[in-house]
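Asks: One-letter residues, chain by chain:
2 protein chains.
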Amino acid sequence: MTATEEVLTDLAEFVAIPSDSRHASPETMRAAAEWLAGRLAFVGGRVEETRGNPVVRADWTGAPGKPIVLVYGHYDVQPTGDLAEWTTPPYELTRTVVRGEDVVRGRGATDDKGPVLQVVHLVRRLLAERGTLPVNLRFLLEGEEEIGSPHLGDYVRAHATDLACDLVVSADGAMWRPSEPSISIASKGLVSLDVVVTGSATDLHSGRYGGTVANPVHALARVIASFHDADGRVAVPSFYDGAPDPTPERRAELEAIEFDEEAYRAGLGVPALAGEAGFDTLTRLWERPTLEVNGVTGGGKYSVIPHTATAHVTCRLVGEQDPGAVVAAVIAHVHAHAPAGVAVQVVDDGVRVPAYRIPPDHPAVVAGRAALADVHPGEDVLLAVIAGTLPCTALFEEVLGVKTLFFSFATADEQHHAPDEFFRVARIGAGIAAWTGLLDRLGEGS
Amino acid sequence: MTATEEVLTDLAEFVAIPSDSRHASPETMRAAAEWLAGRLAFVGGRVEETRGNPVVRADWTGAPGKPIVLVYGHYDVQPTGDLAEWTTPPYELTRTVVRGEDVVRGRGATDDKGPVLQVVHLVRRLLAERGTLPVNLRFLLEGEEEIGSPHLGDYVRAHATDLACDLVVSADGAMWRPSEPSISIASKGLVSLDVVVTGSATDLHSGRYGGTVANPVHALARVIASFHDADGRVAVPSFYDGAPDPTPERRAELEAIEFDEEAYRAGLGVPALAGEAGFDTLTRLWERPTLEVNGVTGGGKYSVIPHTATAHVTCRLVGEQDPGAVVAAVIAHVHAHAPAGVAVQVVDDGVRVPAYRIPPDHPAVVAGRAALADVHPGEDVLLAVIAGTLPCTALFEEVLGVKTLFFSFATADEQHHAPDEFFRVARIGAGIAAWTGLLDRLGEGS
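Chain order of the listed sequences is A and B. The first sequence begins at 44 in my numbering and counts up one residue at a time. The second sequence begins at 44 in my numbering and counts up one residue at a time.
Next comes chain A alone, as it looks inside the complex:
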């Protein structure tokens, strides 16, 4: 079997374990962890307890004096959502063709079971072929990434000595787009809160009481409308503190990237792109913080004045924005815009993820770019930004004192978290070759 065939055979088994961390039983999650630990038996693969789903750990430390690289990934998956929206059963890996490309479809194929197995196989083959590895390796594969890694922090803090390393390389994450190889050198921070507006004790008949009490939906709409000015800028005072405008150099870099705004617009199906005035789409996406209402709910279809209305709000942060300060600024803004006649409360979810950045000249980035360039001769390796949030980066930086290199061979268009998730078969061989080149370069200290 080729390496790709080996990965696909294992991936079919791995995908068949429905390790949906939002809904699966502890037994199912443990079965997935045990299965993965078994695949890592050649480097001491084992299941270790956390206060939630267990983590899978493994270590190979047969190269004294060489750097220690911690490989991060996860074995849990997103819920399938509505099964009717899947072309084939989500937990049966199916080889098929998407947009003319050879792919495998299934929940977790690209996020993150395929990319994890790719590394597992590569390390096994390398060790079998060479009898050694270019660097020392630790694996830390968690089972709660898709639910916000609620217990990973405690685990890492409790095992900081065992996890000591020089670098984290993440098999999670994704290349920006299929047209060229890329490395993400930044991700945005995150805070999250609910705005809850309450009026009367119960829903009121909109005829019998209409016009005499403030309507919580109207009040909430005023608060939401106050979040942005007419130019699409976030209107919360001091929101942008720590988020500097991109330098002329960064603007020039961004302008040099070929980015088809019209294709992007058409792909999303929106009538027009929109956002903060004064920036193009790529700059908005990669360099600017955002405030988005993710959901709103209140009342229903019938003739009531709802007694309550709620909005869920997240902010994505960049640069040196302080998550706690942003939460405080949003809370103050909400209270300043709360209309009379209702009670307005902000429920802080406690999420505090700062933005993350690895310098473009960091040795790991340099090594990763070189490895990718070898595998994709003649193509530029883009330095991209993950506009999403990867909380583990902050955790590893804080507890282990190391940076994280994102080196995933998933691609961002592969229906992550959506029906018909897929993984490009061609990325398996490419990824194995690039990981080999990366580990070799890290071992050489280049």
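By construction, these hints were calculated from the structure, which means they are not laboratory data. Careful, some of the hints might be misleading.
Stated by the list, open to error - Here are a few chain A residues that face chain B, going by a calculated C-beta distance under 8 Å:
#: 1; residue: Val239
#: 2; residue: Ser243
#: 3; residue: His248
#: 4; residue: Asn258
#: 5; residue: Arg265
#: 6; residue: Glu319
#: 7; residue: Ala320
#: 8; residue: Gly321
#: 9; residue: Thr324
#: 10; residue: Gly341
#: 11; residue: Ser346
#: 12; residue: Val347
#: 13; residue: Thr351
#: 14; residue: Thr357
#: 15; residue: Arg359
#: 16; residue: Gly362
Even glycine gets a Cβ: it sits at the ideal position worked out from N, Cα and C.
Since the structure of chain A is provided, determine the placement of chain B on it from the hints.
Replies: Using the frame of chain A, we list chain B on its own:
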């Protein structure tokens, strides 16, 4: 048995039939209709077909030369909602005490099975005692009032000749409050529509796409916030056309009514009353049109930019406001305030109910007041307004050319449409006496 005991015995049987027109089977609805027709057998009670739930009809025309009065009511009830919120099973009539008063509790007890049975019993007793009635009577008791009477219009138009009458007296409706007898001489009109904002083809990850597309929830919030100005006035141009400010005389009448704003506020549990500047609460409630968002929905708790967001909107109309013109004005306003980057659509529910009014000096109102005054000696009979909407009034006026007198002995505080619906036992005897006085007066032509 006293008349009250007879009504309560029958009411227990009637309430036990779960004629919830939103959820019950056609068989259950028919069973309720057949049961009621049986109770009207002494005046030819029968079930007649409509394209939906049947109506119950009956006629007594033994008083040639006397007016014909059509008694309107309904045998369907609202859904129970969450059974856990009921103190006793909703379909078991339970005698109990509420706020120190002797009541019966059960779904439909006050809306509208109790008030309907009250009239049925009164007419039977009167006929038994006197051998005749002071007026000719027709009964029209429908089974779809709680779902907006979708088939009543067709039925009334098709049977206009059989239903010809001089006046409708409705056993549906409710007295304004328990502290004194009242007759409602007006009800508000209604239009209803949905505002649907659509952005991208699917929900988008709020990180990966944040800041590059318009968020439909933000757009909808701007539209909702634009509906009212800072003074609580509806800001839709020409909305108030046909809704004159109350005259000085009407203001004086309203001011003469004892109305405790603080008790009203405390009863609703709101931090403060609110509404259109320049009017007190009772004027806002009875004389002013309103626009309320009854519900809003979009996205959810997770980190998405929702692809769509929807608001359900109803307007309550007064005076000569034209329902069609109000709908057109709201649609134009929404489109004028639709932000760029999203598609905004208004779905018109087709509801077109004008406001209704019966003159205070109409003979039926005069007769009703006098009948109530006899039963409640020494108490003022208030002329009130139903701030809700009673579409059948417009139907009877248009097709039969007659006014409707609301003469119900339900009270608006009896948990209509809510858990623990109840009906005051004392109102049964009072209602029977008052209905007798009303029919006698109508027969005398007074």
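Asks: Now tell me, hint by hint, if it's right for this structure.
Replies: Outcome of the hint check:
no.	hint	in the structure
1	Val239	violated (13 Å)
2	Ser243	holds (4 Å)
3	His248	holds (6 Å)
4	Asn258	holds (6 Å)
5	Arg265	holds (5 Å)
6	Glu319	holds (6 Å)
7	Ala320	violated (12 Å)
8	Gly321	violated (12 Å)
9	Thr324	holds (5 Å)
10	Gly341	holds (5 Å)
11	Ser346	holds (5 Å)
12	Val347	holds (5 Å)
13	Thr351	violated (11 Å)
14	Thr357	holds (5 Å)
15	Arg359	holds (5 Å)
16	Gly362	violated (14 Å)
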